Amino acid sequence: EAGVAQSPRYKIIEKRQSVAFWCNPISGHATLYWYQQILGQGPKLLIQFQNNGVVDDSQLPKDRFSAERLKGVDSTLKIQPAKLEDSAVYLCASSLDQGFGYGYTFGSGTRLTVV
Amino acid sequence: ILNVEQSPQSLHVQEGDSTNFTCSFPSSNFYALHWYRWETAKSPEALFVMTLNGDEKKKGRISATLNTKEGYSYLYIKGSQPEDSATYLCALPPPNQAGTALIFGKGTTLSVSS
Chain P
69 EAGVAQSPRY
79 KIIEKRQSVA
89 FWCNPISGHA
99 TLYWYQQILG
109 QGPKLLIQFQ
119 NNGVVDDSQL
129 PKDRFSAERL
139 KGVDSTLKIQ
149 PAKLEDSAVY
159 LCASSLDQGF
169 GYGYTFGSGT
179 RLTVV
Chain X
-11 ILNVEQSPQS
-1 LHVQEGDSTN
9 FTCSFPSSNF
19 YALHWYRWET
29 AKSPEALFVM
39 TLNGDEKKKG
49 RISATLNTKE
59 GYSYLYIKGS
69 QPEDSATYLC
79 ALPPPNQAGT
89 ALIFGKGTTL
99 SVSS
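Residue numbers (the working numbering), protein chains in the order written: chain P, 69 to 183; chain X, -11 to 102.
Some hints could be false.
[Claimed, not checked] A partial selection of chain P residues facing chain X, derived with a Cβ cut-off under 7 Å: (1) Ala98; (2) Tyr101; (3) Gln109; (4) Pro111; (5) Leu113; (6) Gln116; (7) Asp124; (8) Phe168; (9) Gly169; (10) Gly175; (11) Ser176.
Simulated from the structure, these hints should not be mistaken for laboratory data.
All figures in this text were calculated on a predicted structure; none of them were measured in a lab.
Glycine included, C-beta positions come from ideal geometry on N, C-alpha and C.
Chain X with its partners taken away, still in its complex shape (with noise of 0.2 Å):
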């Protein structure tokens, strides 16, 4: 099984502040990484897909980087919102099984505040 993990837990900011987060997962046959955020009482909304290694994301002030050789991503807010507090939740489909449901890690619960 997949072993999805996400760093930190949680994280408290000021508005303003830029932050970043983990997702780690194992760097063998790796096909995609998917970003969601999921903010409370709405649906889950994907962020990015990447796939290459060195890929690059962006989305307003939320960017994204991938490392498979080593298996991890970056996600990073520049300037904090309030808005931007979230769960931000990352997945991968499991390594021998492309074609089947993405496992998800337990997500990092950004708060931020005004």
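Bound conformation, chain P alone (with noise of 0.2 Å):
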């Protein structure tokens, strides 16, 4: 089975600049998720779908933050302008269904240094 693909893998931005990550989940998963560890914290959630739905978004800074799912499937994360403190890894994570019994399958995630 392939795993959560995640891209890019690093990326170097400087503040006020825009960027893209892309997630292709595990095939037949309908809930995505998208999670920001700064270092030294456990993962946040910014997003969780089911399906193209959103499910919750309460923690994505609106404002700067957009997420799409298009056809259930892919999914992009969107940062503009980018801030300093946006400096984390961001996973992709994908389950089965939206249960609590539900394990997760994580993508390597994406390393986004702002300067």
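Now that you have both chains on their own, put them together as the hints suggest.
Here is the structure:
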């Protein structure tokens, strides 16, 4: 079974620039998550999709972050404009469904550095 | 907001040592607890999903126990090896919303030297 694909692996941008991350989940997984992990902290949910609908985006800074999941498969996360505090690892994960017993399969993450 | 506490924040052991660390959480409205292992430059990997009080799970040299009445889970590693070096994350769903996204602790970073 292919894993969760993410790209790019690393990205360095200047503040106020824009950046986009891409995620392709495991085939058949209905639920897709984007997490932000800042150094020294645990992963924090940014947005959760169920198929192509948003379940939870309460912690997504909507003035600068946006995300979409077209046709309930691939997803992109965009930051525009980036701030220094956005430097983090961005993890995409998918699960078969959104129940509490379903484990997540994670991608390898994108390490973003904003300078 | 659910508070998931992990301790210690980091530890360093010698190859062959056994070790354990703790995940603490509020004991009310418990649904499930997940453990993940995250090696540097790799994807976080699911270790265990635990749902019942008294659950014990084992995967090779790694095992975990769960006490939902007192709100903690222990992760044990027997005979640590350098390849066990990783950050171990504990996560739970929000207590009143079992179907929504996991909330993660800060993790315990284990370093095993040979």
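Going through the hints against the structure:
1. Of the supplied interface hints, the one on P/Ala98 is violated, with its beta-carbon coming no nearer than about 12 Å to a beta-carbon of chain X, more than 7 Å.
2. Taking 7 Å as the C-beta contact cut-off toward chain X, the hint placing P/Tyr101 at the interface holds, the least distance being around 6 Å.
3. With its C-beta approaching chain X no nearer than about 6 Å, P/Gln109 sits inside the 7 Å limit, and its interface hint holds.
4. Below 7 Å, beta-carbon pairs count as interface contacts, and P/Pro111 has one with chain X at about 5 Å; its hint therefore holds.
5. Interface restraint check: P/Leu113 against chain X, minimum CB-CB distance 5 Å, threshold 7 Å, status holds.
6. Contact between P/Gln116 and chain X, as hinted, is supported at the beta carbon level, the nearest pair being about 5 Å apart and thus within 7 Å.
7. Hint status for P/Asp124 relative to chain X: holds, with the closest Cβ pair at about 6 Å, below 7 Å.
8. Look at P/Phe168: its Cβ gets to within about 4 Å of chain X, closer than 7 Å, so that hint holds up.
9. Of the supplied interface hints, the one on P/Gly169 holds, with its beta-carbon coming within about 6 Å of a beta-carbon of chain X, less than 7 Å.
10. The interface hint given for P/Gly175 holds, since its Cβ lies 6 Å from the closest Cβ of chain X, which is under the 7 Å cut-off.
11. A least Cβ separation of about 5 Å between P/Ser176 and chain X falls short of the 7 Å threshold, and the interface hint therefore holds.
Taken one by one, the earlier hints fail for this structure only at number 1.
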